[in-house]
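**Student:** Below, each chain spelled out in residue letters.
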Amino acid sequence: MKLGPKAAAAAITVSAALALTACGGSATSGTAAAKTTTLTVGAIQEMRSWDPAQAHVGHYLQPYQAAYDSLVLREPDGKLSPMLATEWKYNDTNTKLTVDLRTDVTFSDGAPFNAEAAKANLDHFKKANGPQMAQLTAVSDVAVVDADTIELNLTSPDPSLEFYLSQAAGLMGSPKALGTEGIKTEPVGSGPYVMDKAATVKDSQSVFTARKDYWNKDIQKFEKVTFKILIDLTARTNALVSGQVDATLLDPKTGKQAEGAKMNLVATEVDWQGLLLMDRDGTKNPALGNVKVRQAINHAFDRKTIVDQVLMGQGTPTSQPFGKASGAWTEDLENYYSYDPAKAKSLLKEAGYETGVVLDVPAVPGFETQLAVVKQQLSDIGITLNVGAAITNTYTTDISAQKFTAILFSLFQGEPWVATNQIVSTKALYNPFKNTTPELQAKIDAVEKGGKDAGKAAQEVNKYVVEQAWFAPLYRVNQMYYHNSKVAVEPQVQQAVPSIYNYSPAK
Amino acid sequence: MITFILKRLGSGLVVLFAVSILVFSLLYVSSGSIARNILGDQATPEQLAVKEAELGLDQPIMTRYFSWLTGALQGDLGTSWFTSEPVANALATRIPVTMTMVIVAMILIAIIATLIGVAAAVKRGWVDRVVQIGAIIGDSVPGFVIGIILVTILAIQMGLFPATSTISTGAGADAWMLSLALPVIALLINGVTGGAQQIRSAVIKQLERDYVRTLRSRGIGEREVLFKHVLRSAAPAGLTVLSLQLIGMLGGVVIIETIFALPGMGPLAVAATAQSDQPVVMGVVMYTVAVVIVVNLIVDLLNGWLNPKVRVS
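Protein sequence lines correspond, in order, to chains A and B. Just add 33 to wherever you are in the first sequence, counting from 1, and you've got the working numbering. Just add 870 to wherever you are in the second sequence, counting from 1, and you've got the working numbering.
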């Protein structure tokens, strides 16, 4: 079976044809000297539903922002600005929020945006059982005052409400489409882009084109926006490096490859990782009920080295669970617990635990390295870390059922009131033993009633949980968002993936 | 013949039924916090209860299974708990991508493995040694590693192919071909090396049989001996290997699809399993089992057609 001359000629023709197609491909993309008019984002997950009430936080929010305007616009630095709402004001007791609305906006199906439409959306959000439905828990009802004014009545003050109106709860869909089957697969909003249904393929890509006569040209910077669904990290890296997408989320390791291909990094801190010492009353593990033991644990870690080794330097060592952009963060608490094994041992001795402490944690997939490091550093001060069975997708139920006394975890760092209700208050999922003291509760109440000063009030909560060593935070993680030189991207606080408004064609 | 097919299809249905019970029970055990997974950290117990009632999670397992089964028998596989997409719909858009890839890879494997295997068996000597060494190398490198190497060299460095799939609605045949080329190559290398090995030994075994000597002694040309008699007798062994490879490929394709971001069954299966999206997982499993049953049936029929001896048994 030798290759005859004919076969050889055929082979040469085929490879030549392949080479030609390749040239053709690169030639078209190579002529992009002018400003780009398209944006292709490598999205890490497909939307579950385009119903605005099913919108989520963080990277799950961005695609909704293409189709839907929100009542409030959150600037990259976290400042809240008018969008569909022109103005909003609380009453004296922070229990009623009056919101003035724009009058010149229509939805993509032609329906006008007005007070009735806003009410319909907020009512829909409250009963649609979406992943962020808790955002409107404090709102008892929404009243239409006049054509361009609504009132949100609250059962109790919620310092996060204005923030929520820039998030899932604030997204406004056409009242005609809300609750229909159609809006699940095709968004109907007033946003800068409309979905190109013909080009959109579930689990592959969602394509949007600029909406004609959109009211706010400043944030409509592209003619076409594509969200290419790339769940796999390797696929995202390859797509970015080969120019298939303009921007996507990577990690420290794949980031090196992207940097080698001259991609630009936008780094933001979104999550913190560390130990949640949850059994602070010592219900199941008496040692954890002793504050000195918890403080000793905090002194056991060489956080700087952990960041350098485990995260390749892509993170910031910290002793506090509240995030830098949250308002609850303070410089003093950043290095509150130094790396001091000797002090840790003496604290254990004072607490009467010089013979050793056993700490049980579940294994968390993806945290193998972190667990190994933590185990080793704790053993240096005489604490044995027992790593149990891996958590499963029932872990939230397991946590609230007090199955774990401690866990090494990664948590989102949100706004002060959000974070308080996530990890500190007795309602918080990550406070399953419902630990509290009158002193702490007073501080939490101050945050709730704090209105505009909620952040400042939350500094006291932060200080309390750091001093009482409720947690043993290790570091805040850098989210590594990369983009090519065709687009400019501005980071967004508390979001690994920036808001859609933060992208613009590179100059 | 007809009774044979009907019998096989009947036993296939029994297998489907048994697997459905097994998978449903396994999913039941792990589906405790579905409502929590959907609604997130901050949902209240009341909100969770409403969601559970909405999904029918408050019903006992038997009720849930029978309502699923009645639906499935009427062609309604339910809707995804997480995306509200009808499962039948989800499968219908993804099966073409996966099956195109698998079938193209299988056809190529069958042709290339046969050519190489027969060449090695007939020529022996250095040809055989090269095939043997190639088989060891091919078998020892997993498909996804080959995939990543191919992407790095052919897509990223040389720009000959897209690094991830560009298949979308209305995409032309060229988009399909370019998008599927690397995944198919990644899939078929293991198959070719494994298949060639089996076909080689089957052909060698046949070549040593008495009937070959008889045919040769009657002056029948070597070509006719090989293609008309030896290959036909060696075919059942090759077919069995190929059918096993196809079934194995249904698993291997999951990783390949993820790496190349192909909108096929792989990402659907992975996402659904990770979230315990029961209706989708059930749909994916039923589809996979059905493919296995059909492939086995086709192989049996082909074997019977090639080799009369099999038909009797």
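These are calculated hints, taken from the structure and not from any lab test. The structure presented is a predicted model; accordingly, all values stated were derived computationally and were not measured. Be careful, since some hints might not be right.
As the list claims (entries may be wrong) - Counterexamples of contact, computed for chain B against chain A with all Cβ distances above 10 Å:
#1 877
#2 914
#3 941
#4 982
#5 1037
#6 1107
#7 1114
#8 1129
#9 1156
Said to hold, decoys possible - Derived SDA-like pairs (lysine to any residue); straight-line CA-CA distance at most 20 Å:
#10 235/A <-> 209/A
#11 921/B <-> 264/A
#12 1098/B <-> 1118/B
#13 286/A <-> 874/B
Claimed, not checked - Beta-carbon label-pair distances, calculated as ranges:
#14 435/A <-> 937/B: 46 to 56 Å
#15 294/A <-> 932/B: 53 to 63 Å
#16 478/A <-> 915/B: 35 to 45 Å
#17 109/A <-> 940/B: 46 to 56 Å
#18 924/B <-> 109/A: 36 to 46 Å
We put the beta carbon where it would ideally sit given N, CA and C, even for glycine.
**Student:** Decide, hint by hint, whether the structure agrees.
**Tutor:** Evaluated hints:
{"no.": "1", "hint": "877", "in the structure": "holds, 38 Å"}
{"no.": "2", "hint": "914", "in the structure": "violated, 7 Å"}
{"no.": "3", "hint": "941", "in the structure": "holds, 18 Å"}
{"no.": "4", "hint": "982", "in the structure": "holds, 12 Å"}
{"no.": "5", "hint": "1037", "in the structure": "violated, 7 Å"}
{"no.": "6", "hint": "1107", "in the structure": "holds, 22 Å"}
{"no.": "7", "hint": "1114", "in the structure": "holds, 27 Å"}
{"no.": "8", "hint": "1129", "in the structure": "violated, 6 Å"}
{"no.": "9", "hint": "1156", "in the structure": "holds, 19 Å"}
{"no.": "10", "hint": "235/A <-> 209/A", "in the structure": "violated, 24 Å"}
{"no.": "11", "hint": "921/B <-> 264/A", "in the structure": "violated, 27 Å"}
{"no.": "12", "hint": "1098/B <-> 1118/B", "in the structure": "violated, 30 Å"}
{"no.": "13", "hint": "286/A <-> 874/B", "in the structure": "violated, 56 Å"}
{"no.": "14", "hint": "435/A <-> 937/B: 46 to 56 Å", "in the structure": "violated, 34 Å"}
{"no.": "15", "hint": "294/A <-> 932/B: 53 to 63 Å", "in the structure": "holds, 56 Å"}
{"no.": "16", "hint": "478/A <-> 915/B: 35 to 45 Å", "in the structure": "violated, 23 Å"}
{"no.": "17", "hint": "109/A <-> 940/B: 46 to 56 Å", "in the structure": "holds, 53 Å"}
{"no.": "18", "hint": "924/B <-> 109/A: 36 to 46 Å", "in the structure": "holds, 37 Å"}
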